[in-house]
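Starting from the known structure of chain A, arrange chain B on it as the hints suggest.
Protein chains: 2
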Amino acid sequence: MVHESKGSHYAVIFSSQRTEGDKGYGIMAEKMDQLASKQPGFLGVESVRDSLGYGITISYWDSLEAISNWKNNQAHQIAQQKGINDWYQNYSVKICKVEREYTK
Amino acid sequence: MVHESKGSHYAVIFSSQRTEGDKGYGIMAEKMDQLASKQPGFLGVESVRDSLGYGITISYWDSLEAISNWKNNQAHQIAQQKGINDWYQNYSVKICKVEREYTK
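Each protein sequence line maps, in turn, to chains A and B. Position 70 of the first sequence, counted from 1, bears residue number 70 in UniProt numbering, the numbering being contiguous throughout. Position 98 of the second sequence, counted from 1, bears residue number 98 in UniProt numbering, the numbering being contiguous throughout.
Heads up, some of the hints might be wrong.
Claimed, not checked - If you only want the chain B side, here are some residues facing chain A, beta carbon under 7 angstroms, derived:
| hint | residue |
| --- | --- |
| 1 | 8 |
| 2 | 14 |
| 3 | 22 |
| 4 | 25 |
| 5 | 43 |
| 6 | 52 |
| 7 | 56 |
| 8 | 92 |
| 9 | 98 |
| 10 | 99 |
| 11 | 100 |
| 12 | 101 |
| 13 | 103 |
| 14 | 104 |
Claimed, not checked - Below, simulated SDA-like cross-link-like pairs (lysine to any residue); rule was C-alpha separation at most 20 angstroms, straight line:
| hint | chain 1 | residue 1 | chain 2 | residue 2 |
| --- | --- | --- | --- | --- |
| 15 | B | 104 | A | 25 |
| 16 | A | 71 | A | 14 |
| 17 | B | 104 | A | 49 |
| 18 | A | 104 | B | 77 |
| 19 | A | 104 | B | 49 |
| 20 | B | 97 | A | 102 |
| 21 | B | 104 | A | 104 |
| 22 | B | 82 | B | 19 |
| 23 | A | 23 | A | 75 |
| 24 | B | 104 | A | 41 |
| 25 | B | 82 | B | 28 |
| 26 | A | 104 | B | 84 |
| 27 | B | 104 | A | 85 |
| 28 | A | 104 | B | 15 |
| 29 | A | 71 | A | 41 |
| 30 | A | 82 | B | 85 |
| 31 | B | 38 | B | 73 |
| 32 | A | 104 | B | 93 |
| 33 | B | 23 | B | 85 |
| 34 | B | 104 | A | 101 |
| 35 | B | 71 | A | 101 |
Simulated from the structure, these hints should not be mistaken for laboratory data. All values reported here derive from a predicted model rather than from experimental measurement. We put the beta carbon where it would ideally sit given N, CA and C, even for glycine.
One chain only, chain A, in its complex shape (with noise of 0.2 angstroms):
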């Protein structure tokens, strides 16, 4: 049985590449994790790394604004100099307007 369903919402895809060494990314990932999930406006979060250190986490949120504070918070702010910096080999991400949505 699949079911479908629509809503107006917005999912920021963060796919990255791991440097190689902690530097403190633990920590501060699951800090972050526990602070985007009390922002307004946050919805959830799906997230897995593989073993080569390549992951992917797709957040959810009700609007534009969202994310946009989000991106803008101040501790937030910190931690995206240090993955700049420190923790990802490289990365991308992307604001994605969810259209349509099934689930089994």
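Chain B alone, transformed into the frame defined by chain A:
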């Protein structure tokens, strides 16, 4: 240095939890990857699955029509049915419009 671009294209987010055992999944997944990449409007794919069988695959397409054509592709339909019956404990498919993109 962060590169920013805008474009009009679409993402299909497929999140899934595999059942236990291969059951012909590996060969079919490879076949479908190859077949998808030959479809009109296919732009790319990124995929990751962890050791517990949880995975996210995101394929990118230039139009909703291209996504619909791929969904209705006959060989893909057979694979989708086997996915529902045998390979996935649960899954979700989200069709999204990519509004904005940053890369490092």
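Hint check:
1. 8: violated, 12 angstroms
2. 14: Result: violated, 10 angstroms to nearest chain A Cβ.
3. 22: violated, 18 angstroms
4. 25: violated, 15 angstroms
5. 43: Cβ of residue 43 of chain B sits 12 angstroms from chain A, so the hint is violated.
6. 52: violated, 9 angstroms
7. 56: holds, 5 angstroms
8. 92: holds, 4 angstroms
9. 98: holds, 5 angstroms
10. 99: holds, 5 angstroms
11. 100: holds, 4 angstroms
12. 101: holds, 5 angstroms
13. 103: Interface hint status for residue 103 of chain B: holds (4 angstroms vs cutoff 7 angstroms).
14. 104: Holds: closest Cβ of chain A sits about 5 angstroms from residue 104 of chain B, inside 7 angstroms.
15. B:104 / A:25: It holds: about 18 angstroms lies between the C-alpha atoms, which stays within 20 angstroms.
16. A:71 / A:14: At roughly 12 angstroms apart (the allowed maximum being 20 angstroms), residue 14 of chain A and residue 71 of chain A satisfy the hint.
17. B:104 / A:49: Distance ~18 angstroms between residue 104 of chain B and residue 49 of chain A Cα, so the pair holds.
18. A:104 / B:77: With Cα atoms ~16 angstroms apart, residue 104 of chain A and residue 77 of chain B stay inside 20 angstroms; holds.
19. A:104 / B:49: Holds, at roughly 18 angstroms.
20. B:97 / A:102: holds, 16 angstroms
21. B:104 / A:104: With Cα atoms ~34 angstroms apart, residue 104 of chain B and residue 104 of chain A exceed 20 angstroms; violated.
22. B:82 / B:19: Roughly 12 angstroms separates the two Cα atoms, so the pair holds.
23. A:23 / A:75: holds, 17 angstroms
24. B:104 / A:41: The hint is violated at about 26 angstroms.
25. B:82 / B:28: holds, 10 angstroms
26. A:104 / B:84: Holds - the C-alpha atoms of residue 84 of chain B and residue 104 of chain A are around 8 angstroms apart, at most 20 angstroms.
27. B:104 / A:85: holds, 10 angstroms
28. A:104 / B:15: holds, 10 angstroms
29. A:71 / A:41: Judged against 20 angstroms, a Cα distance of about 13 angstroms means the pair holds.
30. A:82 / B:85: violated, 44 angstroms
31. B:38 / B:73: Holds, because 12 angstroms separates the two Cα atoms, which is no more than 20 angstroms.
32. A:104 / B:93: holds, 9 angstroms
33. B:23 / B:85: Between residue 23 of chain B and residue 85 of chain B the Cα gap is close to 11 angstroms, so the pair holds against 20 angstroms.
34. B:104 / A:101: It is violated: about 29 angstroms lies between the C-alpha atoms, which goes past 20 angstroms.
35. B:71 / A:101: Answer holds: residue 71 of chain B to residue 101 of chain A is near 13 angstroms, not above 20 angstroms.
Of the numbered hints listed earlier, those contradicted by the structure are 1, 2, 3, 4, 5, 6, 21, 24, 30 and 34.
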